[in-house]
Amino acid sequence: MRHRKTTPKLSRTKDARTRMLRNLVTSLVIEERVTTSLARAKAARSLAERVITKGKRDTVHSRRQVACMVYGSDAVKKVFNDLGPRFNQRPGGYTRILKLGHRSGDAAEAVILELVDAPAVEKK
Numbered sequence: 063m064r065h066r067k068t069t070p071k072l073s074r075t076k077d078a079r080t081r082m083l084r085n086l087v088t089s090l091v092i093e094e095r096v097t098t099s100l101a102r103a104k105a106a107r108s109l110a111e112r113v114i115t116k117g118k119r120d121t122v123h124s125r126r127q128v129a130c131m132v133y134g135s136d137a138v139k140k141v142f143n144d145l146g147p148r149f150n151q152r153p154g155g156y157t158r159i160l161k162l163g164h165r166s167g168d169a170a171e172a173v174i175l176e177l178v179d180a181p182a183v184e185k186k
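Per the working numbering, the sequence shown starts with residue 63, numbered consecutively.
Careful: at least some of the hints might be erroneous.
In silico DSSO-like cross-links for lysine-lysine, where the CA-CA straight-line distance does not exceed 30 angstroms [stated by the list, open to error]:
#, residue 1, residue 2
1, K118, K76
2, K76, K139
3, K67, K116
Don't read these hints as lab results, they were simulated from the structure.
Model the full assembly from the supplied sequences, consistent with the hints where possible.
Here's what the structure looks like:
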């Protein structure tokens, strides 16, 4: 049964949604801050948390699992060389969502998805 197994569809097919979330998580890992919509940020947050949690244990198996979740070897190296040791003592909650207001193009709620220890953003 599928009880309580809801996933945000984001008006995309499964393949397109998977590619979009992998792109978002890869950009978050490399840049440590991404501006996107609220729905996308909430969907990408859980995947990003799993990637960083796997980065805490540097094994071949966890490297291969992270390589399936992000694009590029640079992102995989950053997860295991930088983010894993940085969040080693933290039990979870590696990301935060900061609301920016509505986008001018489509009035969607714009947010910043960033890592917790990234420097704060000042609103204009």
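Here is what the structure says about each hint:
For the proposed pair K118 and K76, the alpha carbon gap of about 28 angstroms is at most 30 angstroms, so the pair holds. For the proposed pair K76 and K139, the alpha carbon gap of about 27 angstroms is at most 30 angstroms, so the pair holds. Note on K67 and K116: the hinted pairing holds, with a Cα-Cα distance of about 23 angstroms set against a maximum of 30 angstroms.
In summary, the structure agrees with every hint in the numbered list given earlier.
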